[in-house]
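Trainee: Here the sequence shown stands for residues 1 to 517, numbered as in UniProt numbering.
Result set (DSBU-like, lysine-lysine): computed pairs, CA atoms no more than 35 Å apart in a straight line:
#, residue 1, residue 2
1, Lys451, Lys471
2, Lys471, Lys513
3, Lys305, Lys59
4, Lys405, Lys274
5, Lys169, Lys274
6, Lys169, Lys126
7, Lys481, Lys513
8, Lys105, Lys171
9, Lys274, Lys411
10, Lys126, Lys319
11, Lys496, Lys451
Ranges between beta-carbon positions, derived for each pair:
#, residue 1, residue 2, range
12, Leu301, Ala35, 37 to 43 Å
13, Lys169, Lys198, 42 to 48 Å
14, Ala93, Gly392, 48 to 54 Å
15, Ile55, Lys469, 38 to 44 Å
16, Gly376, Thr494, 21 to 27 Å
17, Asn209, Lys469, 57 to 63 Å
Everything labelled a hint here was simulated from the structure, so no lab data went into it. Bear in mind that the values here come from a model prediction, so they are computed numbers and not experimental data. Glycine included, every Cβ here is placed at the ideal spot set by N, Cα and C.
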Amino acid sequence: MRLFHWIFVICLLNACQPKASVDLNSLSHIPTSDAVGAARMPDTIAAISAPFPTINLRKPTFPARSISIEDRGLKKGQLATGLIQQAIDELSASGGGKVIIPSGKWNTGRISLKSNVNLYLSEGAKLYFSGEIKDYLPVVFTRNEGIELMSLGACIYANGQENIAVTGKGKLVGPAEGSVRERIMTHDVIENVVALDKPVKERVYDGNNEGFIFPPMFIAPINCTNVLIEGISLERTAFWNIVPQYCDRVIIRGVTINSIGIPRGDGIDIESSKNVLVEYCTLRTGDDCLAMKAGRGWDGLRVNKPTENVVVRYCLAEKGHGGITIGSETAGVIRNLYVHDCVFNNEGNGIRFKTRRPRGGGGEKLYYERIRMNVGETALRWDMLGSAVHVGAAADRSTKIAVNKLTPHFKDIQIKDLIIENASQFVRIDGIPESPLENVMIRNVQSNSEKLFEATDARNIQLTNALLKSKDDTLHGLNIKNIGFEGVQFDIPTKKILFDMPDVEDEHAISLKNISY
1 MRLFHWIFVI
11 CLLNACQPKA
21 SVDLNSLSHI
31 PTSDAVGAAR
41 MPDTIAAISA
51 PFPTINLRKP
61 TFPARSISIE
71 DRGLKKGQLA
81 TGLIQQAIDE
91 LSASGGGKVI
101 IPSGKWNTGR
111 ISLKSNVNLY
121 LSEGAKLYFS
131 GEIKDYLPVV
141 FTRNEGIELM
151 SLGACIYANG
161 QENIAVTGKG
171 KLVGPAEGSV
181 RERIMTHDVI
191 ENVVALDKPV
201 KERVYDGNNE
211 GFIFPPMFIA
221 PINCTNVLIE
231 GISLERTAFW
241 NIVPQYCDRV
251 IIRGVTINSI
261 GIPRGDGIDI
271 ESSKNVLVEY
281 CTLRTGDDCL
291 AMKAGRGWDG
301 LRVNKPTENV
311 VVRYCLAEKG
321 HGGITIGSET
331 AGVIRNLYVH
341 DCVFNNEGNG
351 IRFKTRRPRG
361 GGGEKLYYER
371 IRMNVGETAL
381 RWDMLGSAVH
391 VGAAADRSTK
401 IAVNKLTPHF
411 KDIQIKDLII
421 ENASQFVRID
431 GIPESPLENV
441 MIRNVQSNSE
451 KLFEATDARN
461 IQLTNALLKS
471 KDDTLHGLNI
481 KNIGFEGVQF
491 DIPTKKILFD
501 MPDVEDEHAI
511 SLKNISY
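Please take these sequences and the hints and turn them into a complete structure.
Mentor: The following block contains the structure:
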């Protein structure tokens, strides 16, 4: 009966409402796909502005000295690891410079960047990384899926270095086969595998005795300052592609990534790092195109390093699970993120916020502006509970759990100037009963979706100045408070909005102002 009660109330509200006046002039400034991405990268970095204080990021500079690996007598087809590493070490010891990978095909194992060195891939250079575990040993300190351990690290790795770069117009190619791919840990979730009660140096996964490994990321500096990754292309990664971890002052620009068909093949993941600029990148990935991460569960809380002060702009996400995603590793908190002037095409979800009940931390002060998307699933998606595969009974919202140190949150989010050309659903919110989604402002939206709006465990969600076209006429809510639609024009077949809110007693839980059809 309560559904019919709400249908009656909403019908009365609809009859009494003044017509919406929707002004979408600001949407004319939203870029199209031909205006963003790696092909549009300018030579210089424009001034950075954001809704929070930012620093003036500059590219690191390097001495004029250079070493070409070809000059060291290396022949094409040989494993170049030793000569590349020797050149990097020599230049760093003498004050820095550029290590040049010339045009052609070169084979290598793990490379460790050192301070004041730019690894430069000439146009036509293809650097192929080995598929054998032995070429990534000894193990190094790294973080995998938000947990610290000792394993293969990354194809291009650095720890505790400053003023480092990977630049040029060449290409990095990950391993096609070999023990690196055959021995990846896939049999369980990482929390059930890594012994968190051991010191990090004893969490060793080197593949010995036919054991498994945690696969190398493509480029993953850790504890580094002043990092530049520019112009290069990456394809066929074994795991996440570009992952600065615990880094400060990072610039990633003009990068092209292709990891289609590779599970967990994230494009660019910013992990527990600060003062980061990502711009003019083109991404086609087997998982999330862009993601912000900050550690996982108890280990993430122990480390307690946020991802903060990040600007993402002028990027083109052409295919992937999500255009830009927060999480699901959120323990250290993601805050002060500004994403603007981006295009997300052929994605699963457009803008996604994901965590899990025992992940900890969360996200706050997140800003999105001038974004165009065409997605197969949900345009704006909050997924906070997680799945039973990862968290068992905690994935069921009816399971009672008291607020504790591992309870995550999402709050204080602003999204404006948004064109959703196609989506299966406009908004879907799955909050947590003990930690509802809070304080979200969405305004200036033009959307075309199969379904409209569904919210569970949410507070203070406001949508203003929007044109919503859909085949759906029902807004769904469960455990919601202060959900507002103001200045919204609904283009729906029935010309009448209905509400399905089976548990809501308070008629002020949702408000409609200046609604039209």
